[in-house]
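Participant: Residues per chain, in single letters:
Protein chains: 2
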Amino acid sequence: MTLLVVGSIALDSVETPFGATADALGGSAVFFAHAASILHPVRMVGVVGDDYPFHSLEALAKQGVDLSGVERRKGESFRWKGKYSYDLQNRETLETRLGVFAEFQPDIPKAFRDSRYVFLGNIDPVQQLSVLDQIQNPTLVACDTMNYWIHGKRRLLLQLLERIDVLLVNDSEVRELSGDWNVYRAAKWVLKRGPDMVVVKQGVYGAVLVQSDHVFYIPAYPLDEVYDPTGAGDSFAGGFMAHLARTDDLSAGNVRRAMVYGAAMGSFAVERFSVRRFEEIGLAEVTARVREFADLVRFDIDPEPAIDGGR
Amino acid sequence: MTLLVVGSIALDSVETPFGATADALGGSAVFFAHAASILHPVRMVGVVGDDYPFHSLEALAKQGVDLSGVERRKGESFRWKGKYSYDLQNRETLETRLGVFAEFQPDIPKAFRDSRYVFLGNIDPVQQLSVLDQIQNPTLVACDTMNYWIHGKRRLLLQLLERIDVLLVNDSEVRELSGDWNVYRAAKWVLKRGPDMVVVKQGVYGAVLVQSDHVFYIPAYPLDEVYDPTGAGDSFAGGFMAHLARTDDLSAGNVRRAMVYGAAMGSFAVERFSVRRFEEIGLAEVTARVREFADLVRFDIDPEPAIDGGR
Chain A
-19 MTLLVVGSIA LDSVETPFGA TADALGGSAV FFAHAASILH PVRMVGVVGD
31 DYPFHSLEAL AKQGVDLSGV ERRKGESFRW KGKYSYDLQN RETLETRLGV
81 FAEFQPDIPK AFRDSRYVFL GNIDPVQQLS VLDQIQNPTL VACDTMNYWI
131 HGKRRLLLQL LERIDVLLVN DSEVRELSGD WNVYRAAKWV LKRGPDMVVV
181 KQGVYGAVLV QSDHVFYIPA YPLDEVYDPT GAGDSFAGGF MAHLARTDDL
231 SAGNVRRAMV YGAAMGSFAV ERFSVRRFEE IGLAEVTARV REFADLVRFD
281 IDPEPAIDGG R
Chain B
-19 MTLLVVGSIA LDSVETPFGA TADALGGSAV FFAHAASILH PVRMVGVVGD
31 DYPFHSLEAL AKQGVDLSGV ERRKGESFRW KGKYSYDLQN RETLETRLGV
81 FAEFQPDIPK AFRDSRYVFL GNIDPVQQLS VLDQIQNPTL VACDTMNYWI
131 HGKRRLLLQL LERIDVLLVN DSEVRELSGD WNVYRAAKWV LKRGPDMVVV
181 KQGVYGAVLV QSDHVFYIPA YPLDEVYDPT GAGDSFAGGF MAHLARTDDL
231 SAGNVRRAMV YGAAMGSFAV ERFSVRRFEE IGLAEVTARV REFADLVRFD
281 IDPEPAIDGG R
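Top to bottom, those sequences are chains A and B.
Under the numbering used here, the first sequence has 287 at position 307, and the numbering climbs by one with no breaks.
Under the numbering used here, the second sequence has 4 at position 24, and the numbering climbs by one with no breaks.
In isolation and in its complexed conformation, chain A is listed as follows:
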């Protein structure tokens, strides 16, 4: 089924203890599309300035990303500059320049309006609602957000929740949104406001899928080396949504599989700076990693363990 992403297309300057990038490819739509397109074609909507190295998006086009929804405007592209702590657990935003993104009015190309699987990257809830108004009959809409919108546009965000199926956020975001520090209670608070699923991303600890009657946990892939956590969440969303779109199967078992593809994509994202890891891998690497996740959590409980009675 058709898969659409609407989000930021940015130039990131990131510093971690292991190196730094300057004006590297970034943004929610870019990470999402890199990860998703390994599994399934992607339609991408966003905006770049006339300073954007558009040719560097061509790797995406070759991999089946339709860039016809990417608007090129006069002006500066969205730039983000950040620095991570020594253990990569905290980051400081050094600079945010919205550029042409400040005036972004998502105009979904006619050919994209029949999209069935839709991911709304972390942008203004006004823009997210506007996208939904333009989509005819989506099967599944997933959405990300951040604390900035949770504080600043709460009312619109609550309207948006009524219209989406999956909220993908990190643990601090779901806590802020609900006002509850317990992640499971916080997720249930969200479920009451519309979505059928909440995916809480927990960084190095993995991610948890909360539904009204089930909880599913997938750990993060154990990595000895992490270079740059930027984009892990959007890459997770890319794997998650692309697996659902390519299978068009929303059964409980398949949604769990989608979580595993999400976790796999998140783990690739952090192995190199920017989107570089995605330029190295293909379906074979993804499939192999997904199988490793199976081993990571596999156990069998014997119905009747051999008990020796304390001899």
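Read the hints as simulated data drawn from the structure, not as lab findings.
Errors might be hidden in some of the hints.
What the hints assert, rightly or not - Only some residues are given here: those of chain A computed to face chain B with a beta carbon under 8 Å:
{"hint": "1", "residue": "ASP67"}
{"hint": "2", "residue": "TYR185"}
{"hint": "3", "residue": "TYR197"}
To be verified - To list a few chain A residues with every Cβ distance to chain B over 10 Å, as calculated:
{"hint": "4", "residue": "GLN43"}
{"hint": "5", "residue": "GLU56"}
{"hint": "6", "residue": "TYR64"}
{"hint": "7", "residue": "ARG71"}
{"hint": "8", "residue": "GLN107"}
{"hint": "9", "residue": "GLU142"}
{"hint": "10", "residue": "GLY159"}
{"hint": "11", "residue": "ASN162"}
Bear in mind that the values here come from a model prediction, so they are computed numbers and not experimental data.
Positions of the beta carbon are idealized from the N, C-alpha and C atoms, including for glycine.
Since the structure of chain A is already known, use the hints to place chain B on it.
Facilitator: Below, chain B alone, put in the same frame as chain A:
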């Protein structure tokens, strides 16, 4: 097979946002024994002062804990007083009074010296080594420690590592011990120094078992209400070790099962203050929770998912 625990027997005064206790049952050996004895008989070694409400340990005796290794000394019992933050993620030690524990010289009763499964609770590495000197031929020795010993008795702790099979610690401890913030690299650092297994406990995120060739992850049981995190780690150790002792099976699959029993016991520990939850439950509740863990992480990856080609 026989199971021995050596550790602290304390009176805890704990304050959380949900209530407080004063001089409640606590200590590593007590939490361990409460959890373990649901699955398997336990031999317990420790020391209490003449002010200890010894009768309150009788629930343990009824459940198959042999208290003949618990020394009763003239003097004050070990007391710990702590306060947890609003989200239970941090705690402050308000007071520690070692009392008779300061002079504790573990004297393993002759009848306990043939113990095959041994858990060394978080006590001075000198005491832990002394216990090992008294055990004839253990099958498996597991050990806990804390930052206080990692800093203050590092040389002895490294000697101890050479003689144990499993190190059970939390993530900050394994980081401090190894000097590496990456938990997987840190665990491998430990593996090089003796143990075959490192279990890294990660609180609300679960626990990870690291062996030279495998990693196994078990999440924490999703709880809407957590009252008191005290003792969760020792209860985890109790479930883990008791399952191994009762089955006497160190195969990879059974060690994973032991991790699940550990996680189940840890989740019960935090549902009430002190050891109260263990006074309410039996094997049936434990078995039911273990089965819930299976559902929490279960997924199947189809070898060939039905892919619709992007229609």
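Participant: Beyond 10 Å from chain B, beta-carbon-wise, is A:GLU142?
Facilitator: 24 Å, holds
Participant: Checking the smallest CB distance to chain B, is A:GLU56 really beyond 10 Å?
Facilitator: Holds, because the least Cβ-Cβ distance between A:GLU56 and chain B comes to about 34 Å, which exceeds 10 Å.
Participant: Taking 10 Å as the cut and beta carbons as the points, is A:GLN43 off the interface with chain B?
Facilitator: 12 Å, holds
Participant: Taking 10 Å as the cut and beta carbons as the points, is A:GLY159 off the interface with chain B?
Facilitator: 12 Å, holds
Participant: Holds or violated: is the Cβ of A:TYR64 farther than 10 Å from all Cβ atoms of chain B?
Facilitator: For A:TYR64, whose nearest Cβ neighbour in chain B is about 12 Å away, the distance exceeds 10 Å, so it holds.
Participant: Say whether it holds or is violated: A:GLN107 keeps its Cβ farther than 10 Å from all Cβ of chain B.
Facilitator: 25 Å, holds
Participant: The hint names A:TYR185 as touching chain B; please verify it with the least Cβ-Cβ distance against 8 Å.
Facilitator: 4 Å, holds
Participant: Under 8 Å, Cβ to Cβ, is where A:ASP67 needs to be relative to chain B, so tell me if that hint holds or is violated.
Facilitator: OK, holds: A:ASP67 within 8 Å of chain B, min 4 Å.
Participant: Answer holds if the nearest beta-carbon of chain B is closer than 8 Å to that of A:TYR197; otherwise answer violated.
Facilitator: 4 Å, holds
Participant: Is it correct that the beta-carbon of A:ASN162 has no partner in chain B closer than or equal to 10 Å?
Facilitator: 6 Å, violated
Participant: Taking the minimum C-beta separation from A:ARG71 to chain B, is that value above 10 Å?
Facilitator: The claim stands: A:ARG71 keeps its Cβ more than 10 Å from every Cβ of chain B (closest is about 15 Å).
Of the numbered hints listed earlier, the single one contradicted by the structure is hint 11.
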